[in-house]
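**Q** Numbering of the sequence shown is given in the working numbering, commencing with residue 1 and proceeding in unit increments.
Just so you know, these hints were derived from the structure itself, not from any lab.
Quick caveat: nothing in here was measured; it's all calculated off a predicted structure.
Check each hint, because a few of them may be wrong.
[Claimed, not checked] List of simulated lysine-lysine pairs, BS3-like, C-alpha gap at most 30 Å:
1. Lys102 / Lys83
2. Lys222 / Lys241
3. Lys347 / Lys58
4. Lys212 / Lys222
5. Lys359 / Lys67
6. Lys83 / Lys359
7. Lys87 / Lys26
8. Lys269 / Lys344
9. Lys241 / Lys269
10. Lys66 / Lys269
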Amino acid sequence: MGAIVYVAKESDSLESRVAASPETVKKMVALGLEVIVQKGAGEKSRIADADYVAAGAKAGTAADAKKADVVLRVRRPSETEMKSLKKGAIVLAQMDPYGNEKALAALAKAGVTAFAMELMPRITRAQSMDVLSSQANLAGYQAVIEATHAFDRAMPMMMTAAGTVPAAKVFVMGAGVAGLQAIATARRLGAAVSATDVRPAAKEQVASLGAKFIAVEDDEFKAAETSGGYAKEMSKEYQAKQAALVADHISKQDIVITTALIPGRPAPKLISRDMLKSMRLGSVAVDLAVERGGNVEGSKPGDTVTIDGVTVIGVLNMPGQIAASASLLYAKNLLTFLDTMIDKESKTVSVDLEDELVKATALTHGGAVIHPAFGGETSKGAA
């Protein structure tokens with residue numbers, strides 16, 4: 001039998017997703033790997049242990065992690081869980097590395113080769129491994145569903161014999177993957193949608209979905225996209241001009257969805273208390289950046305609060321609200337990346353530290369932190 005892959009049950013009470021699906025288990029087994037799934041791992045994603053077994057996996061316990069060559073997870077293992085891992089094991093997960101140097105040091109001490117899936121570069125080769133995109137797609141969709149549930153009016157325009165109900169006005173801040181999906185979902189529900197973003201390329205994408213683009217389009221705006229395709233932080237002057245435009249626009253909106261994140265930095269504040277106060281009674285704001293400090297002033301992680309008559313939703317782990325779908329996509333992302341490390345003849349798994357995907361995502365290896373962004377130095381060769 002080939003390498004042993006262990007699929008962990010998430011220990012974080014807020015995490016409802018799982019790192020493998022019956023489909024990915026079947027493919028791993030076909031590649032000659034032995035797969036052990038911890039009992040109950042897929043329960044919150046509506047995947048029964050029997051479904052994994054039927055796909056070729058063995059049902060295991062937490063103790064089985066000790067013999068695994070590869071560990072698949074949604075979130076970084078706790079320090080206690082790290083101690084139970086085999087030295088040299090490969091761990092694939094969303095590691096949340098920024099600001100968590102202590103956890104990275106613990107991973108290094110455990111002797112594992114830990115990969116942060118959220119650092120996957122946005123290049124053509126890695127599109128099918130991009131967990132941020134797959135999960136952000138679902139987060140954008142679910143943000144609109146959450147907003148619609150909290151909004152006590154109809155979304156589409158309705159013309160009836162008793163009169164006309166106007167379409168709800170939805171404003172999406174940040175037109176990345178989550179934002180574009182939020183725009184598309186709100187449009188499907190019949191809302192009048194507008195959106196803003198600091199990246200010039202977003203204007204065409206927003207327009208292609210039938211939404212109106214709102215932005216101060218000066219010279220700084222035209223040069224505002226980084227080479228990696230992420231938004232960069234704008235000058236204080238630009239932020240002030242944009243804030244004035246947005247403040248005026250927000251006062252006319254029914255629902256606002258914020259999605260702005262800057263890698264490695266706290267989320268930028270986009271909506272002030274004064275902006276919320278300008279919205280009409282019963283309006284809704286969904287803060288998709290609440291886990292990183294929030295885009296909306298007053299939003300609370302894991303809670304829904306009312307601020308000046310506006311419902312502010314701060315759901316943690318938005319993709320986890322639809323875990324059955326989120327897990328299927330996340331599992332496929334992990335399998336596609338793992339497949340690049342499998343020797344198809346020996347059925348073993350090895351890491352090529354010179355591979356561009358490995359260089360971008362490997363945090364620890366050989367007892368040390370190796371990612372340059374977190375104080376390490378990239379090594380050479382293969383392990």
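**Q** Each of the hints needs a verdict: does it hold here or not?
**A** Here is what the structure says about each hint:
1. Lys102 / Lys83: holds (14 Å)
2. Lys222 / Lys241: holds (15 Å)
3. Lys347 / Lys58: Holds. Lysine 347 to lysine 58 sits at ~18 Å (cutoff 30 Å).
4. Lys212 / Lys222: holds (18 Å)
5. Lys359 / Lys67: holds (26 Å)
6. Lys83 / Lys359: holds (25 Å)
7. Lys87 / Lys26: The given pair, whose Cα atoms are some 26 Å apart, holds under the 30 Å limit.
8. Lys269 / Lys344: Not OK: lysine 269 and lysine 344 at ~48 Å, beyond 30 Å, violated.
9. Lys241 / Lys269: holds (14 Å)
10. Lys66 / Lys269: The given pair, whose Cα atoms are some 43 Å apart, is violated under the 30 Å limit.
Comparing the model with each numbered hint stated earlier shows that hints 8, 10 do not hold.
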